[in-house]
Each structure stands twice: as C-alpha cells, then as structure tokens.
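**Student:** Build the full structure now, drawing on both the sequences and the hints.
Protein chains in written order, with our numbering: chain A, 1 to 386; chain B, 1001 to 1386.
For the record, the hints were derived by calculation from the structure and aren't laboratory data. Because the structure is a prediction, the values reported are computed rather than measured. Some hints could be false.
[As the list claims (entries may be wrong)] Think about it this way: if two alpha-carbon atoms lie no more than 20 Å apart in a straight line, the pair counts; the simulated DMTMM-like pairs of lysine to aspartate or glutamate are:
1) A:173 / A:207
2) A:173 / A:212
3) A:173 / A:156
4) B:1314 / B:1085
5) B:1314 / A:207
6) A:314 / B:1239
7) B:1314 / B:1346
8) B:1173 / B:1108
9) A:314 / A:85
10) B:1314 / A:50
11) B:1227 / B:1244
12) A:314 / B:1085
Number of protein chains: 2
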Amino acid sequence: MPFSFRVEARSHGARAGILSTDHGAIETPVFMPVGTQGSVKGLTSRDVWDTGARLILGNTYHLYLRPGVSLIERAGGLHRFIGWDGALLTDSGGYQVFSLASLMRVSDLGVTFRSHIDGSLHEFTPEAVMETQARIGADIAMSFDYFGGIPCERVEAERSVALTTAWARRGLKAMGARSDRYGYEQVVFGIVQGAEYPDLRARSAREFTELDFPGYAIGGLSVGESKDATWDLTERTTELLPVDRPRYLMGMGTPLDLIDAVARGVDMLDCVLPTRNARNGTVFTRDGRLVLRNARHADDLMPLDPECGCVACKNHTRAYLRHLFLSNEMLAPMLATSHNLFFYADTMRAARAAVVRGDFDAWYRAFVDRFTRGDRESAARAEVET
Amino acid sequence: MPFSFRVEARSHGARAGILSTDHGAIETPVFMPVGTQGSVKGLTSRDVWDTGARLILGNTYHLYLRPGVSLIERAGGLHRFIGWDGALLTDSGGYQVFSLASLMRVSDLGVTFRSHIDGSLHEFTPEAVMETQARIGADIAMSFDYFGGIPCERVEAERSVALTTAWARRGLKAMGARSDRYGYEQVVFGIVQGAEYPDLRARSAREFTELDFPGYAIGGLSVGESKDATWDLTERTTELLPVDRPRYLMGMGTPLDLIDAVARGVDMLDCVLPTRNARNGTVFTRDGRLVLRNARHADDLMPLDPECGCVACKNHTRAYLRHLFLSNEMLAPMLATSHNLFFYADTMRAARAAVVRGDFDAWYRAFVDRFTRGDRESAARAEVET
Chain A
1 MPFSFRVEAR SHGARAGILS TDHGAIETPV FMPVGTQGSV KGLTSRDVWD TGARLILGNT
61 YHLYLRPGVS LIERAGGLHR FIGWDGALLT DSGGYQVFSL ASLMRVSDLG VTFRSHIDGS
121 LHEFTPEAVM ETQARIGADI AMSFDYFGGI PCERVEAERS VALTTAWARR GLKAMGARSD
181 RYGYEQVVFG IVQGAEYPDL RARSAREFTE LDFPGYAIGG LSVGESKDAT WDLTERTTEL
241 LPVDRPRYLM GMGTPLDLID AVARGVDMLD CVLPTRNARN GTVFTRDGRL VLRNARHADD
301 LMPLDPECGC VACKNHTRAY LRHLFLSNEM LAPMLATSHN LFFYADTMRA ARAAVVRGDF
361 DAWYRAFVDR FTRGDRESAA RAEVET
Chain B
1001 MPFSFRVEAR SHGARAGILS TDHGAIETPV FMPVGTQGSV KGLTSRDVWD TGARLILGNT
1061 YHLYLRPGVS LIERAGGLHR FIGWDGALLT DSGGYQVFSL ASLMRVSDLG VTFRSHIDGS
1121 LHEFTPEAVM ETQARIGADI AMSFDYFGGI PCERVEAERS VALTTAWARR GLKAMGARSD
1181 RYGYEQVVFG IVQGAEYPDL RARSAREFTE LDFPGYAIGG LSVGESKDAT WDLTERTTEL
1241 LPVDRPRYLM GMGTPLDLID AVARGVDMLD CVLPTRNARN GTVFTRDGRL VLRNARHADD
1301 LMPLDPECGC VACKNHTRAY LRHLFLSNEM LAPMLATSHN LFFYADTMRA ARAAVVRGDF
1361 DAWYRAFVDR FTRGDRESAA RAEVET
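**Tutor:** Here it is in structure tokens:
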C-alpha cells in the first residue's frame, strides 16, 4: 500500500485523518512517542504498542552516531533492529546538531559538528542525511533543515529559510520524496522554518508547498517563545499548507499543547515531555498533573487516573507508584511512562472522536476545564502542605 | 486448597514436586526471582509472569522499613499492593539485619538494629517478625533466624543454632505454622542454621524437624565459604530433613549452583544474582555467560540464546542489547533481566523434566559440559581481545 493521507472529518479547525504506511494505518491526530536511540525509554516494544502507539520516532543524529547506520542496515533496518512492527519516523538531525552537538560550521553544503558522545568530527549534508534516513529505514523521513533558534536575528532567520529550502531541493534531487530500499515505501516530509517571523514562515511554507512533499512539518517552535507566538505562527503556517497533506508540529508538548495544536489543524506531534516527565515522577491525568513523590500520595490507593486503561492504572495504586519512586525502583519510571503515553494516545483518540462527531470545540473546552481545574487544585493542596 | 507439597519423582538425588498454595501450584525444583522492595527490578508483574515465574520473593526487612506494613495491609496484602497474581514468599529479615542494617544488639528476645535508609532504631522479635510477615500476606513466611556469618567462631555458631530454634518455637507459639488473615493460607518454613559446622547443622536440622514445619530452608550458606563446603553442608542437611517437606536453599546462585543444589535434593532456590548480573550486562545462556558490553557483540545479530523463548531472544539481537547497554537505555537491564529469569526458569523446567524421565544425571552432565565449555570459550576469546 503506497503512503497516503486522507482527511476524514473536520470540526472547528481540527482534522481527523488516516495516515497509511506500509507498517500500518495510523489514525490522526496522532502523538508519536520518542525513541531517540532505538528505544522509547523504559518500555519494551510490546509496552509501547500497548499504550496505543502505532507510529514512533527515532533520532537520526543519535542513531547515526550510535550504533551507526551500517549495523542498522545489516540488521534489516530500524524496525527489525529495535523489534517494532508499527510505523517509524526519523527526524533530520537538524535540531540535534544545533542543540546537542558542538556545531563547528554551517555552510551552503551542510553542517560540520562534533559528536556529543566522543567529540569526533562529522558532516551532515542534505544528500547524506536523506541517504542516512533511507538506510535507517524509517517510513517517514524528514528533509534536512537548518534551525537557527528563537529569538533569532532576522538575517539569520532568512538564512535558515533559504538554506532549508535549498537543502530540501538537494535532498529531493538526490533521493526523491519516495523510496523503497527495504521493500516498503519510505517518504520524506519537508520542514517549514522561519523562526519568529510570520513572513519568513509564510515564505518557507510557500517554497515547500511548491516542492510537493507528501507531508509537512512545522519546525523550530516551542523553543522558548511565548505560547501566543507558538500558536500564532502555527496557525499562520497550517493555513498556507496544502489541506490534503499531513501537518506535523515538531517537539510539542503538554496535553493542553497537543489539543491546542489539533485545534489549529495539526495532525502529528512528538515530544519527549511525557516520557521525560514520567521518569521524574510526574504523570498526566484527566484532572491535571500528579507529582508522585508528594507525601499526599503516601496512602493513596487510587489508580493514577481512574478512567485510564493503562497497565499502571489497571494494576496499581498511586501509593505503590510513590513507593517505587522513593525506593528508586526502575519499575517506577517504567509504569509512569506507560501511563503518560497511554494518556497521550487516549487524548488523541478522544480528540479524533470529537472531530468525527463534529463537536471538537465542546470536547476541547471540557478537556481544558477539567485538566486545568485539577491542576489548580493540586497546586493549591501542594501549597498548603509545604 | 490448603498448602501442600508432593514429591512426584526422584532421580539421582534430585526431586520433582508440586508445591500447592492458594495462589497456584508451583512445579519444583523452582527458582524464585527476588522482588526485594515489592518489585522484581526492571520488570512489570506481567514481565515476571512471562519469564515463567509463579513464586517470587519479597524482603520483610525492606518492606517493613518502606513502605511499611500498615500500607501493605490497607492495600489488601502484598499480592494486591504489587499487582502479583502468583505466589509470594517473604524472608525473615534475619539475614538483612545482619548484612544491611547496623546491628545494635542481639539478645534472647530479638534483634535491635538501625535502618540502612534513615538510621532509625527498630526491634525485630520472633513474634513481631511472624506478625509482620502475616500482615504482609506472603503465602510462605520464614521463621525468624539468627545468622552469624561464615566463618564463625564455634561458640557463636552454637548461639546461632540455639537462638534460631528458640525463636522458631516462640514464633510458632505466637502465630502457629499456618494462618489465613487474608482469606488464603499462609504457612511458615523453618530455617536451619549452624554455620560451617556439620554437627551444628545436624543439631539445627533435628531440632527443626521436631518442630514440624510445613517446609525447611537451609540458611547462612553461599556467604564466602568454598563450594565444596556449601555442597557438603547442603547434602548433610537435606539428608536429615523430612522427605515429604520442601527444602529451600537460600541465596543461591549461578545456573550451575542451581542444578548442583537440585542434585542434592533441594526444591527451592532464590538469589539476586540473575537480576543483578542482568543489570550489569551479563546474561546466562546454554553456552555459558555473555558479557554484553564486549566489543565482540557489536555486530552480533544472534539472539542472546538461540534456544531461548524469552522476550529478548524472540525479538532482539545481541548487537541491539549491546547498543542499549552502551547507550544507558533502561531497556537494556529490562530485557537482560527478562532473559536471565526466563533462562533460570527454563533450567529448572528442564531439570524437572529430566527427573520425571529418570535421567537427571545424564541431563546434569550435558548441561554442565555445554555451559562450562561455552564459558571457557568466551573467556578465551575475551583474553585474545584484550
């Protein structure tokens, strides 16, 4: 089955779609758990599957450095290397060379950087990055982009847009937007940049639309700018992107961020937030956040979220989770991660159902009301306790 | 169904039995994974179940200190607190107050010690320890014992035997050997002590046999004495214990230790070795140990053990496991732990099948030959590499 995307319903700016890949059809909006180094931290592949996830993300930068592309290729591609039957997306590495590596030089040709692991010197060119992702074998690869940060001098933001478009063209020329090295289809999405400048975002969106990618990401947001700016820029960008292509907002966010993005026509999201917060003992519920180490949970025999169907909520109490965190048991982050990802997937399922029903707006308001009220009450109790 | 034990077959000193509890029937010989603080480190309850384990161990000393017995009791007992449907055994805490806590005073009455967590002062009396274990809700509890270490002055070893018998009597007087606080039967096993003195071991075994416990443990071994001494003392003790009761050798060991114990009529074993080694990257296979961080596994696309049916062997390669260990991914110890426990359970199943077939001796020799040959070859390769 070739890659395809179909919007099935719309409601108040939100979309319900189906993203078809050779590794399964994925209902959108979808949140993609992050498996940076070939593992969603703390979960087996079966655990990830049980959260409801069918599309997960791997980081090209990390996998390229360790274990290296040759091994992944010899193992039969990333799906087989990590034992994942669902679909996979790899990012371009553009964000990581900027944020994690020591960036040595950015030229028209590409980026030279030093590994954050051992300081070794490497070069990413747009052609090499597309080749690397094809060899890694993701169902969806990302065009190599240049991310200049926010805030960003206008001249630097202009350079970011120009380089990102030029690199996209070179990537397309070298590899095309579709390939099938492993006998299944691999497609490439473009990434819109432009920092905090609406006109540059618009220019980037126009240039990428002309390049006719199977899908588009909005990159370089949620890096310190205000939420108003995030949503303004997201909205302005999605409006310019072709309605028949999936839109992927990179690196967001909290449950409220997720549904705020969905409300603006975003179809795909990813973030380390639910997994990283889980490891720190913070879980998300329909009634806001719970900080599991808090003394208030010492005797709390409730599940994390009584309406949740995850492995932690079906089998365990808050008191047990708290005990595991205080005892530094690995099972603590494992269960909290399962919960957070299940909750994220559940939230996307509920949002989609609301779109299909045609009452996304009412669902959105009810979700936000309940989540923020619970969060406020928790904060108030925490203040009384301290 | 009341607690019972039945020996179904014997072969060359080894026994195949059935240990029946209200939380299921357990085939013996059995290895019990250790869930010290209410979690087998790195595994969910389902993961533990999938290794084949049906009887796991909790540590009274740890659970008493954290999260405390009241919470476990209010949660409905340890099974419900940790979400485990199989059977549970708790140790007596006698070994931990000696090895982990700061031991303050040992008197006829009991033991005073300081917590290894916060230095707080606590007292374990034989009556309190039996009450604590009953409240924790294990299917099998252990009589409170006094462990003097090995080597041990004879006078101290004599004291250990005398105290352990006296405390067993007091525990029995206070609680009996069977109770049902949670609506299922809880039984108590006695622990034979006697350090490295065969005559004291014999005295302890005789005194405990007179007390008519539903099962017997051999305590205080594998603490630094020679393997010859371990097996000599084990053999001398099992010979004196009633043939119709299960025999539990505490704190052993490697796969070879397991089957050496089984060869001497041991029915039950526990140890942190397979789980601790797994976390350090060492796994056991039919062909000996593998140290997963070794460079030789960098490109090794074999499963850990091609004959193993565990989640790691069915889905993953040595190269992937090595990558996870080098990347400090939690999934590394998780998968290695699943493997080691599955391998231990498998080894016990194979040993049992050999006993039932009546050719335990041939099976034992084949297992030892293959395991030690593989281990020697690994060691030889490691030497060449370094």
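**Student:** Indicate, hint by hint, whether the structure satisfies it.
**Tutor:** Hint check results:
Distance hint between residue 173 of chain A and residue 207 of chain A is fulfilled; the C-alpha atoms sit about 15 Å from each other, no more than 20 Å. For the suggested pair residue 173 of chain A and residue 212 of chain A, the alpha carbons sit about 13 Å apart, so the restraint of at most 20 Å is met. A distance of roughly 25 Å separates the Cα atoms of residue 173 of chain A and residue 156 of chain A; the hinted pair therefore is violated under the 20 Å criterion. For the suggested pair residue 1314 of chain B and residue 1085 of chain B, the alpha carbons sit about 25 Å apart, so the restraint of at most 20 Å is broken.
In summary, the hint linking residue 1314 of chain B to residue 207 of chain A is not supported, as the alpha carbons are separated by about 46 Å, beyond the 20 Å threshold. A distance of roughly 47 Å separates the Cα atoms of residue 314 of chain A and residue 1239 of chain B; the hinted pair therefore is violated under the 20 Å criterion. As the CA atoms of residue 1314 of chain B and residue 1346 of chain B are separated by approximately 15 Å, the hinted pair is consistent with the 20 Å bound. The hinted pair formed by residue 1173 of chain B and residue 1108 of chain B meets the criterion: a straight-line CA distance of about 16 Å does not exceed 20 Å.
About 25 Å separates the Cα atoms of residue 314 of chain A and residue 85 of chain A, which puts this hinted pair outside 20 Å; it is violated. Our distance criterion of 20 Å between C-alpha atoms is met by residue 1314 of chain B and residue 50 of chain A, whose separation comes to about 18 Å. For the hint pairing residue 1227 of chain B with residue 1244 of chain B, the CA-to-CA distance comes to about 27 Å; that exceeds 20 Å, so the pair is violated. Between residue 314 of chain A and residue 1085 of chain B the alpha-carbon distance is near 13 Å, which keeps this suggested pair within the 20 Å criterion.
Violation of the numbered hints given earlier is confined to hints 3, 4, 5, 6, 9 and 11; the remaining hints are satisfied by the structure.
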